[in-house]
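Residue numbers (our numbering), protein chains in the order written: chain A, 1 to 177; chain B, 1 to 390.
Read the hints as simulated data drawn from the structure, not as lab findings. These figures come from a predicted structure and were not determined experimentally. Careful: at least some of the hints might be erroneous.
Claimed, not checked - Derived lysine-lysine pairs resembling DSBU-like cross-links, with alpha carbons at most 35 Å apart:
#1 K227(B) - K68(A)
#2 K68(A) - K318(B)
#3 K9(B) - K227(B)
Said to hold, decoys possible - Far from chain A, by Cβ distances over 12 Å, these chain B residues were calculated:
#4 F64
#5 Y198
#6 I201
#7 E232
#8 P344
What the hints assert, rightly or not - Output of the computed footprint for chain B on chain A, the stretches with three or more beta carbons under 8 Å from beta carbons of chain B:
#9 40 to 54
#10 93 to 105
Using N, Cα and C, we set each Cβ at its ideal position, and we do this for glycine too.
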Amino acid sequence: MSRRLLLGVFDNEHDILGATQAARESGYKIVDVYAPYAVHGLDHAMGLASSHLPRVCFALGLSGAAFKVWFEYWTTATDWPINVGGKPFNSLPAFVPVTFEVMVLFAGVSTVIAFLYVCGLFPGKKANIVRHDVSDHRFVLVLEQSDAAFDIPRVKRLLESFHVAQIEERLEEETAR
Amino acid sequence: MSNGQTEFKLPADLSRLLQVLVALGAVVFVAGLLLAPERIWPSLLLVSYFVLCLGLGGVVFIAFHYVTGATWGIALRRVPEAMSTLIPVGAIGLLAVFIFHPSIYSWTSAVHAPVEAAWFKHFWLTRPFFVVRAMIYLLLWLSMAAAFVRNSYRQDQDRNPVHTRRNERLAAIFLAVFGLTFWLASYDWIMSLEPEWYSTIFGIYHFAGLFASGVAAIIIFAVALKKLGPLEGVLSESHLHDVGKLLFAFSTFWAYIWFSQYMLIWYTDIPEEARYYVARMHGNWGPLFLLNFMMNWALPFLALLPRVTKRTPGLLVKVAVLVLLGRWLDLYLMISPPLMGTKPFFGAWEFGLMLGAVGLCGLVVFRALRRAAPVPLGDPWLTDSLQHHQ
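Model the full structure from these sequences, guided by the hints.
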């Protein structure tokens, strides 16, 4: 299914923030916002919910630590007990440093993988670039013309109050995500 | 504020409460001198060192900001500046112990281990040298802390950025001097309670506790000032978020060093080193040993993980109080076992001085906060700090 999109192109950070905020408050559906660099407060302006990545990080870090404690117990105390300096085979303090490292490894790598998954990125993915100048100096707000109530002249007026540089209507291709 | 001073009123009941706590601490101290000197002196050593470290924690916070060029903390810099007035308060208590009750250190009297190999210890741990060293450390810290604050106050008047540059240079010197002297001071004042035991990581361990407790105190005073008015509209959620992150980081740093000391001693298991932990992990000390780890790291770590804890003043203050209580317990576990034997005691002598210290810290810091404007008006980066957000 294809969507009818409306693109507002802006020249600076301040305007894109204001326009995004205003578009959201007026009830228009924001498809995405593109910027050449991370803009502070854009997530707020877009009304994005906070990310679930910290939870993934915590859960996987915990699992990694639990797995490693079990694994060390199994190798040094059950499967092939080794006497190290007369210490008990099951010596928790000796397990801690490696447990810590594995926790960091699990938490770090799994967060990156979860991030790529959430963004729909994978090796060989075809880049979906809205306009080539967003990687240089332009900021683009993409709105969806969701229903009949989407009154284009009104939207244009709203964007113009934030010094929009260019307005473009576009039909989203079927293949694009 | 027109004459460069902060005007705010402590609520009458809070101010009275602090005064009552100080009076209570004084009464308990005098009674303790007469009734239980063997308990009151260690207790005084503990609270004095605790209070001194809060003051130093404030100065380290200031120095970190100047050295790194960080601007976010400038809006709340008056809090650590005021906390630096706790250094003389703690210093008086410590010097009282060193001068009037040196026998708290067994090396001042006992004829222990006349080993030739320990000649350096015999030379290092002599009373006059010990007291002179303590004076040198304290004077160095006091003068540098005073210089930081003086430059900052002068900048309020003349708005001259040259004071910032001066403090940046001073901060670099201070951190080097502080690293060396505080490391030695922790050896002198705390580790030498058990002169035959040693741990090379002890100084860093003490620094970790000092900075975590210093940041916790900054959080409490800053939030109090926000409630009382002077920092209302200045101290934002973003500032709190950043000090919260510092608390999180240094609580974890403490746990890292705590475990590093423990693990190396556990691994090598040399009797002269392991006895430190044998005394602290067995009998009635055992549960306290675990509680220390919970209060200083495990609970603050879990509590500070979610973003909301760091951005909600009420929650953040609760964690800060927990860390300060944990710091007290941490010092109690370092100081008390060799003096109390196999059983921990906690009674009026410990609790009384603890409350007295709380009251005194409150009165001294709030009084110091009145001396200058609520934010460093002349700092060239103040606007940057006021607009800080993340």
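Here's how the hints hold up against the structure:
no.: 1; hint: K227(B) - K68(A); in the structure: violated, 46 Å
no.: 2; hint: K68(A) - K318(B); in the structure: holds, 33 Å
no.: 3; hint: K9(B) - K227(B); in the structure: holds, 11 Å
no.: 4; hint: F64; in the structure: holds, 24 Å
no.: 5; hint: Y198; in the structure: holds, 20 Å
no.: 6; hint: I201; in the structure: holds, 15 Å
no.: 7; hint: E232; in the structure: holds, 23 Å
no.: 8; hint: P344; in the structure: holds, 23 Å
no.: 9; hint: 40 to 54; in the structure: holds (count 4)
no.: 10; hint: 93 to 105; in the structure: holds (count 4)
Of the hints listed earlier, the one the structure fails to meet is number 1.
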